[in-house]
Amino acid sequence: MLEAKNRSIGVVSGIAAPTRFSICVKGHAAHSGSTPMNQRHDALIGAAEITLELEKEARREMAHGTVATVGDIEIAPGAMNVVPGETHIKVDIRSISRASKARVVQFLYELMEHLRQTRRLEITCRMLSDETPVQMDEALIETVESVCRSKNIASMRMPSGAGHDTMNMAALCPVGMIFVPSTGGISHHPDEHTNLSDIITGIDVLESAVLECAGNAAEQKAGAAKDQ
Numbered sequence: 001m002l003e004a005k006n007r008s009i010g011v012v013s014g015i016a017a018p019t020r021f022s023i024c025v026k027g028h029a030a031h032s033g034s035t036p037m038n039q040r041h042d043a044l045i046g047a048a049e050i051t052l053e054l055e056k057e058a059r060r061e062m063a064h065g066t067v068a069t070v071g072d073i074e075i076a077p078g079a080m081n082v083v084p085g086e087t088h089i090k091v092d093i094r095s096i097s098r099a100s101k102a103r104v105v106q107f108l109y110e111l112m113e114h115l116r117q118t119r120r121l122e123i124t125c126r127m128l129s130d131e132t133p134v135q136m137d138e139a140l141i142e143t144v145e146s147v148c149r150s151k152n153i154a155s156m157r158m159p160s161g162a163g164h165d166t167m168n169m170a171a172l173c174p175v176g177m178i179f180v181p182s183t184g185g186i187s188h189h190p191d192e193h194t195n196l197s198d199i200i201t202g203i204d205v206l207e208s209a210v211l212e213c214a215g216n217a218a219e220q221k222a223g224a225a226k227d228q
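Residue numbering for the sequence shown follows full-length UniProt numbering, beginning at 1 and increasing consecutively.
Honestly, I wouldn't trust all of these hints.
As the list claims (entries may be wrong) - Each computed SDA-like pair below joins lysine to any residue, with the alpha-carbon atoms no more than 20 Å apart: (1) 26 with 110; (2) 151 with 6; (3) 90 with 103; (4) 90 with 125; (5) 56 with 67; (6) 56 with 73; (7) 151 with 103; (8) 26 with 49; (9) 90 with 72.
Stated by the list, open to error - Simulated restraints on C-beta separations: (10) 22 with 62: 23 to 33 Å; (11) 82 with 185: 32 to 42 Å; (12) 51 with 211: 40 to 50 Å; (13) 135 with 109: 21 to 31 Å; (14) 56 with 151: 38 to 48 Å; (15) 76 with 109: 22 to 32 Å; (16) 183 with 98: 28 to 38 Å; (17) 171 with 82: 14 to 24 Å; (18) 59 with 163: 17 to 27 Å; (19) 51 with 132: 19 to 29 Å; (20) 99 with 200: 37 to 47 Å; (21) 116 with 197: 50 to 60 Å.
Because the hints were derived from the structure by calculation, they are not lab data.
Cβ coordinates follow ideal geometry from the N, Cα and C atoms, glycine included.
Using the sequences and the accompanying hints, generate a full structural model.
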């Protein structure tokens with residue numbers, strides 16, 4: 001995103017948090033040649049419909065940085081000539097907006113109930129985790145943006161779709177994050193690469209932001225001591 005928009009610094013506005021599910025779709029295994037299409041209870045088709053409809057719903061929530069992924073699937077019995085009798089999928093729904101994520105989760109529940117009725121499938125769903133998105137501290141965001149302006153460094157606010165240790169630190173203190181561009185926008189992948197010049201820019205902004213925060217803290221401490 002940063003490279004595509006020609007920005008050197010990403011000022012993180014919030015960190016998306018996932019809600020994850022393990023879903024089992026049960027139909028009836030049957031011979032692929034002797035079972036007419038209108039008599040099938042295909043578990044894989046049900047799981048595929050969940051996958052496709054969930055993608056559509058997540059696209060409708062894109063403005064909130066919401067995404068949905070089916071990243072794992074197991075099919076039984078797993079033979080070319082057998083209509084799948086059971087399919088297991090794992091779903092990851094995440095967003096920086098609790099409300100948006102809740103809408104997609106509710107859509108998933110309603111979709112599963114719809115498929116139980118229309119496709120005559122047994123569908124069970126187990127929630128694996130339900131985490132809360134974390135917002136960055138506005139004062140820290142503005143500090144980083146101020147540093148970028150003073151150095152004529154192009155920046156933009158952006159959410160983090162991936163989790164970070166910052167999510168845990170937010171329970172203890174105000175938090176902020178800085179991103180630098182990845183070549184081709186590829187991150188969290190073996191092919192990820194960041195140019196040294198962008199790393200240096202990120203370090204420069206981080207150093208200046210830390211010094212500014214430290215200076216502000218020192219001024220506040222001195223002012224408090226003077227008032228005593």
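Do the hints match the structure? See the list:
Among the hinted pairs, residue 26 with residue 110 is consistent with the structure: their alpha-carbon atoms are about 17 Å apart, no more than 20 Å. Taking the CA atoms of residue 151 and residue 6, the gap is about 16 Å. The hint holds against a cut of 20 Å. Between residue 90 and residue 103 the alpha-carbon distance is near 18 Å, which keeps this suggested pair within the 20 Å criterion. With a CA separation close to 10 Å, the supplied pair residue 90 and residue 125 stays within the 20 Å bound.
Taking the CA atoms of residue 56 and residue 67, the gap is near 10 Å; set against the 20 Å cutoff, the hint holds. Only pairs whose Cα atoms come within 20 Å are accepted, and residue 56 paired with residue 73 is accepted, the gap being roughly 19 Å. With a C-alpha separation of about 41 Å, the suggested pairing of residue 151 with residue 103 is violated against the 20 Å cut-off. A hinted pair counts as satisfied when its Cα atoms are at most 20 Å apart, and residue 26 with residue 49 qualifies at roughly 14 Å.
Restraint check for residue 90 and residue 72: the C-alpha separation of about 5 Å stays at or below 20 Å, so the hint holds. Look at residue 22 against residue 62: about 25 Å separates their beta carbons, and that is inside 23 to 33 Å. A beta carbon spacing of about 41 Å between residue 82 and residue 185 agrees with the range 32 to 42 Å that was offered as a hint. Distance hint check for residue 51 and residue 211: the Cβ-Cβ separation is about 49 Å, which falls inside the suggested range of 40 to 50 Å.
The supplied range of 21 to 31 Å is met by residue 135 and residue 109, whose beta-carbon atoms lie about 26 Å from each other. Between residue 56 and residue 151, the C-beta spacing of about 43 Å keeps the proposed range 38 to 48 Å intact. In this structure the hint that residue 76 and residue 109 lie 22 to 32 Å apart at CB holds, the actual value being about 24 Å. Checked against the hint of 28 to 38 Å, the pair residue 183 and residue 98 passes, with Cβ atoms roughly 33 Å apart.
Separated by about 50 Å at the C-beta atoms, residue 171 and residue 82 break the suggested range of 14 to 24 Å. For residue 59 and residue 163, the hinted distance range of 17 to 27 Å is satisfied, since their beta carbons lie about 22 Å from each other. Hint check: residue 51 to residue 132, Cβ distance near 25 Å, so the stated range 19 to 29 Å holds. Range check, residue 99 to residue 200: Cβ separation about 39 Å, and the 37 to 47 Å hint holds.
Separated by about 55 Å at the C-beta atoms, residue 116 and residue 197 satisfy the suggested range of 50 to 60 Å.
Hint compliance for this structure: hints 7 and 17 are not met, and every other hint is.
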